[in-house]
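Guided by the hints, dock chain B onto chain A, whose structure is given.
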Amino acid sequence: MKRLMLFGIGLIGLIAIQATYAQSCRRVHNFCTENLPEEEQSKEWTFNNQSKSATFEKGKVYEMSFIAYKDYIYRISTCTDIADGEKINFEVFHNELVRKEMNGTTRLVKEKISIFNNKTDNFKSYYKFRTEKTEKIYVKIKVPSSGESQSKQYKDSEFVCVGVLLQNRRGQKVGF
Amino acid sequence: MKHKHFYQIGGTLLTALIFVGCSNSNDIEVSVKDNDTTSITQNVDNIETNELNVEYSVPTPNELFEIVKLHGGELNIDLVNSLDNQENYIDAKSKALNFGVYSADIGYMSCFDHGIEFLKYTKAIEKLGNDLGISDVFDKDLMDKIENNEGNSDTLFLISNQTYYDSYQYLEENEKGTELSLIIAGGYIESLYIVTHLVDNYSDDNPIIEKIGDQKLVLENIIDFCMAYMDDASVNDFMNDLMELSKVFEDNMTVVEEDSKVKDEDGISILSGGGYFKMNKVAFEAIKNKITELRNKITQN
Numbered sequence: 000m001k002r003l004m005l006f007g008i009g010l011i012g013l014i015a016i017q018a019t020y021a022q023s024c025r026r027v028h029n030f031c032t033e034n035l036p037e038e039e040q041s042k043e044w045t046f047n048n049q050s051k052s053a054t055f056e057k058g059k060v061y062e063m064s065f066i067a068y069k070d071y072i073y074r075i076s077t078c079t080d081i082a083d084g085e086k087i088n089f090e091v092f093h094n095e096l097v098r099k100e101m102n103g104t105t106r107l108v109k110e111k112i113s114i115f116n117n118k119t120d121n122f123k124s125y126y127k128f129r130t131e132k133t134e135k136i137y138v139k140i141k142v143p144s145s146g147e148s149q150s151k152q153y154k155d156s157e158f159v160c161v162g163v164l165l166q167n168r169r170g171q172k173v174g175f
Numbered sequence: 000m001k002h003k004h005f006y007q008i009g010g011t012l013l014t015a016l017i018f019v020g021c022s023n024s025n026d027i028e029v030s031v032k033d034n035d036t037t038s039i040t041q042n043v044d045n046i047e048t049n050e051l052n053v054e055y056s057v058p059t060p061n062e063l064f065e066i067v068k069l070h071g072g073e074l075n076i077d078l079v080n081s082l083d084n085q086e087n088y089i090d091a092k093s094k095a096l097n098f099g100v101y102s103a104d105i106g107y108m109s110c111f112d113h114g115i116e117f118l119k120y121t122k123a124i125e126k127l128g129n130d131l132g133i134s135d136v137f138d139k140d141l142m143d144k145i146e147n148n149e150g151n152s153d154t155l156f157l158i159s160n161q162t163y164y165d166s167y168q169y170l171e172e173n174e175k176g177t178e179l180s181l182i183i184a185g186g187y188i189e190s191l192y193i194v195t196h197l198v199d200n201y202s203d204d205n206p207i208i209e210k211i212g213d214q215k216l217v218l219e220n221i222i223d224f225c226m227a228y229m230d231d232a233s234v235n236d237f238m239n240d241l242m243e244l245s246k247v248f249e250d251n252m253t254v255v256e257e258d259s260k261v262k263d264e265d266g267i268s269i270l271s272g273g274g275y276f277k278m279n280k281v282a283f284e285a286i287k288n289k290i291t292e293l294r295n296k297i298t299q300n
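Line by line, the protein sequences give chains A and B. Quick note on numbering: numbering that gives the first Met the number 0 labels position 75 of the first sequence as 74, and the sequence is numbered without any gaps. Quick note on numbering: numbering that gives the first Met the number 0 labels position 201 of the second sequence as 200, and the sequence is numbered without any gaps.
Treat each hint with caution, since some may be false.
Claimed, not checked - Straight-line Cα separation of at most 27 Å, BS3-like style, residue types lysine-lysine; simulated pairs:
| hint | chain 1 | residue 1 | chain 2 | residue 2 |
| --- | --- | --- | --- | --- |
| 1 | A | K42 | B | K68 |
| 2 | A | K141 | A | K59 |
| 3 | B | K262 | A | K69 |
| 4 | B | K119 | B | K262 |
| 5 | A | K118 | B | K260 |
| 6 | B | K260 | A | K69 |
Claimed, not checked - A short list of chain B residues far from chain A (calculated; beta carbon distances all over 12 Å):
| hint | residue |
| --- | --- |
| 7 | N75 |
| 8 | D143 |
| 9 | D240 |
Derived from the structure by calculation, the hints contain no laboratory data. Don't be surprised by glycine CBs; every beta carbon is placed ideally from N, CA and C.
This is chain A alone, in the form it adopts within the complex (with noise of 0.2 Å):
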């Protein structure tokens, strides 16, 4: 019982320790803009609403969901608030749906298929797509182990600022 308690409390201790942190990150994916080359700095981009922004344990992955609606082009940016850290790794999925065999009988089910890994293209901050049919996309970034947030009330702390800022404009084959 007593075992319990006290882990009722930590518990209870981490939760109010998180929730603290929480709250400081606002929209740090707003500046996720800055890691972008000038040659993606242009204005024809619109703020997509699914953009996210989170308080995250340095070395731990960060997994975001969104849905990318057909034929319009997004653009997935990351950044961190650590300043002068080392560079992030991030990885975008979609779904795939596949028979697989499961206790005798075969089930369709939903497997996550990677399609672009930023190590395989110079940790490039960016990534560029178009669905030829809606998707759900998921996005991981690993949070660099390394490096101090830039926020007063992270530092020295185990936590940092994760943004993922989602922007889109219509492609070519949208309305009449």
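Structure of chain B alone, referenced to chain A:
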């Protein structure tokens, strides 16, 4: 935000129990049709992650209305929820759901150049928002901006988009995930109700019907988002309705199986294949009926 993952783990575990059955952690069972099998290749250098720590984003109703408008959708003012109903929303659950409903309504009206009632609807949302503890979003500046732009639909559409986003951010940052779940669900139900009622008769090549089918994916992300807040009775209760709607999509749409393809065109990856759920006449009618039932349940409280 990471604290939310604690709840999300519980929620996603529940999803896993409901959907996955005996599949592995990467897979979600969708249905069983016949005995074909497809081989797939996996990237060997994937970033490893805990599948339970995924954050789910959901497109706004405005994004759907914009696309529907591009494909020839029109304004039907009779489809929006009457302001006469607002006095009926007394409990927190119906206030949050109808905050989402009215937010979708102002998005629809401003997208289709009907700015006349924008202010009245925003005031209704503001009132519901006050009761839900998000009065900070509706400051004097916002109301002034709306009054000064009455009749300017483009600006009002941007304002409605921004207000929805600000409300979302405010709720997320202030740990109001329960209210946020219900608002998102309400907005989704209303937008799908409106869009399904813009189409009278099914046809295979109607792009608006295709967009209705796309809402299956949006619903999946809403369900996964809401799972994190299943310990709240009102979310839990409404989740049953969302699950039923999800089943209507899944049981009636046609599964198309294709291999994934990725090609590069001028630095932009073009994704195709991968398999998907396709609309058909039966699915369209079943979705329209179900969404009407759910929408009436929310608004005629």
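Against the structure, the hints come out as follows:
no. : hint            : result
1   : K42/A x K68/B   : 23 Å, holds
2   : K141/A x K59/A  : 6 Å, holds
3   : K262/B x K69/A  : 16 Å, holds
4   : K119/B x K262/B : 49 Å, violated
5   : K118/A x K260/B : 20 Å, holds
6   : K260/B x K69/A  : 15 Å, holds
7   : N75             : 20 Å, holds
8   : D143            : 23 Å, holds
9   : D240            : 20 Å, holds
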